[in-house]
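Asker: Spelled out, the chains give:
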Amino acid sequence: MDFLLSYLVLAEIYVLLGLSTNLLVGIVGIFSVSQAAVFGVGAYIVAFFLMNTSVSFLPALAVAAICCVVLNIVVTLPSLRVSGDYFVVTSFGIQLLATAVFTNWTGGTGGANGLPGIPPPDVFGIQLASNAQLALLTSIMAGLGCIAFWLLMRAPFGRLLRAIREDELAVAAAGKNVLRAKVSAAALAGAFAGVSGGLYATFLSFIDPSSFDLDASILLLTMVVVGGARTLAGSILGPFVLLALPQLLSLVEIPTTIAAAARQLVYGLLLIVFMLFRPQGLLGEKL
Amino acid sequence: MSAPYLHVSGINKRFGGLQALNDCSFTIREGAITCLVGPNGAGKTTIFNAITGFLRPDSGQVEFRGRRISGLSPQTIVAAGIARSFQNLRLFAEISALDNVLVGMRGQFGEEPLSALFRPLKTAHAQAARRITGREILDQVGLLAQADTLVRNLSYGEQKLLTIARLLATKADLLLLDEPASGLSAGALAALMALLRRLQSAGKTLLVVEHNTRVVQQIADDVLFLHQGHLMAQGTPEAIMADPALAEIYFGGALQDHGP
Ligand SMILES: Nc1ncnc2c1ncn2[C@@H]1O[C@H](COP(=O)(O)OP(=O)(O)OP(=O)(O)O)[C@@H](O)[C@H]1O
Ligand SMILES: [Mg+2]
Chain A
1 MDFLLSYLVL AEIYVLLGLS TNLLVGIVGI FSVSQAAVFG VGAYIVAFFL MNTSVSFLPA
61 LAVAAICCVV LNIVVTLPSL RVSGDYFVVT SFGIQLLATA VFTNWTGGTG GANGLPGIPP
121 PDVFGIQLAS NAQLALLTSI MAGLGCIAFW LLMRAPFGRL LRAIREDELA VAAAGKNVLR
181 AKVSAAALAG AFAGVSGGLY ATFLSFIDPS SFDLDASILL LTMVVVGGAR TLAGSILGPF
241 VLLALPQLLS LVEIPTTIAA AARQLVYGLL LIVFMLFRPQ GLLGEKL
Chain B
288 MSAPYLHVSG INKRFGGLQA LNDCSFTIRE GAITCLVGPN GAGKTTIFNA ITGFLRPDSG
348 QVEFRGRRIS GLSPQTIVAA GIARSFQNLR LFAEISALDN VLVGMRGQFG EEPLSALFRP
408 LKTAHAQAAR RITGREILDQ VGLLAQADTL VRNLSYGEQK LLTIARLLAT KADLLLLDEP
468 ASGLSAGALA ALMALLRRLQ SAGKTLLVVE HNTRVVQQIA DDVLFLHQGH LMAQGTPEAI
528 MADPALAEIY FGGALQDHGP
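Those protein sequences? They're chains A and B, same order as listed.
In terms of my numbering, the first sequence has 12 at position 12, counting the first letter as 1, and numbering is strictly consecutive.
Heads up, my numbering is the position in the second sequence plus 287, with the first residue counted as 1.
For the record, the hints were derived by calculation from the structure and aren't laboratory data.
Any given hint might turn out to be false.
Said to hold, decoys possible - So, partial list: chain B residues that the calculated Cβ filter (under 7 Å) puts toward chain A:
#	residue
1	Q362
2	D386
3	E398
4	A403
5	R406
What the hints assert, rightly or not - The calculated label-pair distances, taken between Cβ atoms and stated as ranges, are:
#	chain 1	residue 1	chain 2	residue 2	range
6	A	G268	B	A489	55 to 61 Å
7	A	F277	B	S296	57 to 63 Å
8	B	G470	A	L265	25 to 31 Å
9	A	I272	B	Q306	32 to 38 Å
10	A	P59	B	K409	26 to 32 Å
11	B	S296	A	L144	52 to 58 Å
Claimed, not checked - Footprint (simulated), chain B over chain A, 3 or more residues, beta carbon under 8 Å:
#	stretch
12	21-33
13	174-183
Even for Gly, the Cβ is constructed at its ideal location relative to N, Cα and C.
Can you make the complete structure from the sequences, with help from the hints?
Answerer: Below is the structure:
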C-alpha cells in the first residue's frame, strides 16, 4: 500500500514535469533537453528554504516557481535566435552547465553528496509526513496542473502556440507577437517545473545532482514520447508507465549492481522503439 | 491632392552581390486591383517582404495612408491594415481550416495565458463568437464545408483560397497576394477571380503578383511592371501589354506564361 502511494506521488510529480516538457517541446516545438535542470533549481530552492529558514512550504514553493519562471525564460531565449537543431545543442550545453553547478557548488547544493534531511512539506501548519498525506498534496497539485494545461490548450493561446510550432513566420504575418507567446510558454513551463521540483525535494527528503542531470532530461523526453506528445492524456500516462518499469524490473532477478544500467537500457530501447514504430506515443500526436 | 494610399519610394535591397531591389518606387490607389508583374527573380516577393516588415531595406521608405510604416514590425504593419500572403502558402497544415482562420484574427480574448487560465468562461464565450465570424469568412471564400478539415487534407486550390481567408481574418484593408492564381485549374481560377472582384467591391485594395497575362487583363485596374528590382512602368493593363519594350522583357524568354 505504502509502496503504491509512493509510486503515485512520484508519478504525479513527474506528470507536472511532463506537462512542462510537453508544453515546450510538444506544443511550441522548442526542443529543450535541459528541463531537468530547471526542475533541479526548483528542488534546491525549496530545500534551501525548508532547511535554513522558517519559511514554510507553500511560500517556498512560490519562490521556487517564480525563480524557475525567470530561469526558464532565460534558458529558452536562445531558441528565439537559433532555430531547431541548433537549439538542442545550446540546450544540451545549458544542461551540462547546470549539472556542473549542482555538483560543484558544495555550499549551496551539497555537491555530489547531495542534501539529506529535507523536512516534509507543511501546509497551513500541518506537517505532511505520511505518504497518504503527500499523495493528497501531489494529487491536488497535479490535478491543478492538468486543469491549467487543459484550459490553456483549448484557449486561443493553445492554438497560437501550435501555429507557432508549424510556421512562425506565418504567425507573424497574421499580426501576432510570436516572441511574447513563446516567452509566455517558457514562463508557464518554468512554473510547472519549479513546483514539481519543490514537491520532489520534500517527498524524497534527499536530493543530489543525479536527479537533475542529462539522463533525467532524456527520461523526461522519453515520458513525453511514450505517453504521447501534445495531449493531456499522454502527459499523464507517460510518467505512470515509465516509473512502473523499474518496479517491474525489480521483480526480475537481476543483481543490484546492474539494476541502474538495466533501467537506462530499457529507457533507451523504449525511446528508439517508439520513435521508429509509434511516434505518436500511446495517447498523443507525432512529435 | 491627398497622400497616395500606398507609396513606396526609392527602396534598395542588396543580397550579397545581387541588387534585388533597385530604387524601386510606385504608388497604388485605394480600392483598385493592382497587378504586379515581372519576370522570375524581378523582386516581386522581395518588395512584398519590404512593405510588410519581413525585410529591412537598405534604403527607401514605405508610406501607407500618409503614415510611414517602413521599419515597423510585421505585427504593427498588420495592425495598420496591410496583410500579405505567401507564394508557398505557409498554412498551418496540422490544424483545421477554421483554426487557420482563427489564428489570423486579431485581439482575441484568451490569447495570452493569464486570461485563458483565470477567465475560462469568458474565453469560451469569446471563442464561440469568433468561430461564427471564422465560418463567415470561410463562407466568403467558399470553404465553409471544409471548416473542420485538417489543412493537409485540403486540395491545393482550397489551400490557396484558405490563405486569402486567413488574410481576411486580420481585417486588413490592403491585401498583398503573392501569386494566388498559380497552379489553379480553370474552374478554380474563375472562382478566384470572382472572389478578388467581390473583395474589391467590399472595399478592399489588392496588390496581386500575377504571371498569367490573361488573368491580369481581366482583373487589373492598374499594372506595375517590375524588372531587375526596378519599376519599369506603371499603367493600365492595355498600355503595359501594348508596350513592345516590356513585351520583349516579358516574353523574351525571361518569363514563361504560367497560365492555362
Ligand atoms: N533572402 C534572400 N537572400 C538572397 N537572395 C535573395 C533573397 N530573397 C530573394 N533573393 C533573390 O532576389 C531576387 C528577387 O527574388 P524575388 O523572390 O523577389 O523574385 P520574384 O520576382 O518574386 O520571382 P518569382 O516570380 O520567381 O517569385 C532573386 O534573384 C532571388 O534569388
Ligand atoms: Mg516571388
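Asker: Between F277 (chain A) and S296 (chain B), does the beta-carbon spacing fit 57 to 63 Å?
Answerer: holds (58 Å)
Asker: Grab the minimum C-beta distance from Q362 (chain B) to chain A and call the hint holds if it beats 7 Å, violated otherwise.
Answerer: holds (5 Å)
Asker: Take the C-beta atom of G268 (chain A) and the C-beta atom of A489 (chain B), compute their distance, and say whether it sits inside 55 to 61 Å.
Answerer: The hint (55 to 61 Å, Cβ to Cβ) holds, given that G268 (chain A) and A489 (chain B) are roughly 59 Å apart.
Asker: That 26 to 32 Å hint for P59 (chain A) and K409 (chain B) (C-beta), does it hold up?
Answerer: holds (30 Å)
Asker: Does the beta carbon distance between G470 (chain B) and L265 (chain A) stay inside 25 to 31 Å, or does it fall outside?
Answerer: violated (51 Å)
Asker: Establish whether the coverage given for the stretch 174-183 of chain A by chain B is satisfied; the threshold is a Cβ-Cβ distance below 8 Å, and no fewer than three residues must meet it.
Answerer: As far as the stretch 174-183 of chain A goes, the hint holds, because 6 residues have Cβ atoms under 8 Å from chain B.
Asker: Count the residues of the stretch 21-33 of chain A whose Cβ falls closer than 8 Å to any Cβ of chain B, and tell me whether that reaches three.
Answerer: violated (count 0)
Asker: R406 (chain B) was flagged as interface toward chain A. Is the shortest Cβ-Cβ separation under 7 Å?
Answerer: violated (9 Å)
Asker: May I ask you to test the interface hint for A403 (chain B) with respect to chain A, counting a Cβ-Cβ separation under 7 Å as satisfied?
Answerer: holds (3 Å)
Asker: Is the distance from the Cβ of I272 (chain A) to the Cβ of Q306 (chain B) consistent with 32 to 38 Å?
Answerer: violated (50 Å)
Asker: Okay, S296 (chain B) versus L144 (chain A) on CB: inside 52 to 58 Å?
Answerer: holds (56 Å)
Asker: Measuring from the C-beta of D386 (chain B) to each C-beta in chain A, is the shortest one below 7 Å?
Answerer: holds (6 Å)
Of the numbered hints stated above, those contradicted by the structure are hints 5, 8, 9, 12, listed in ascending order.
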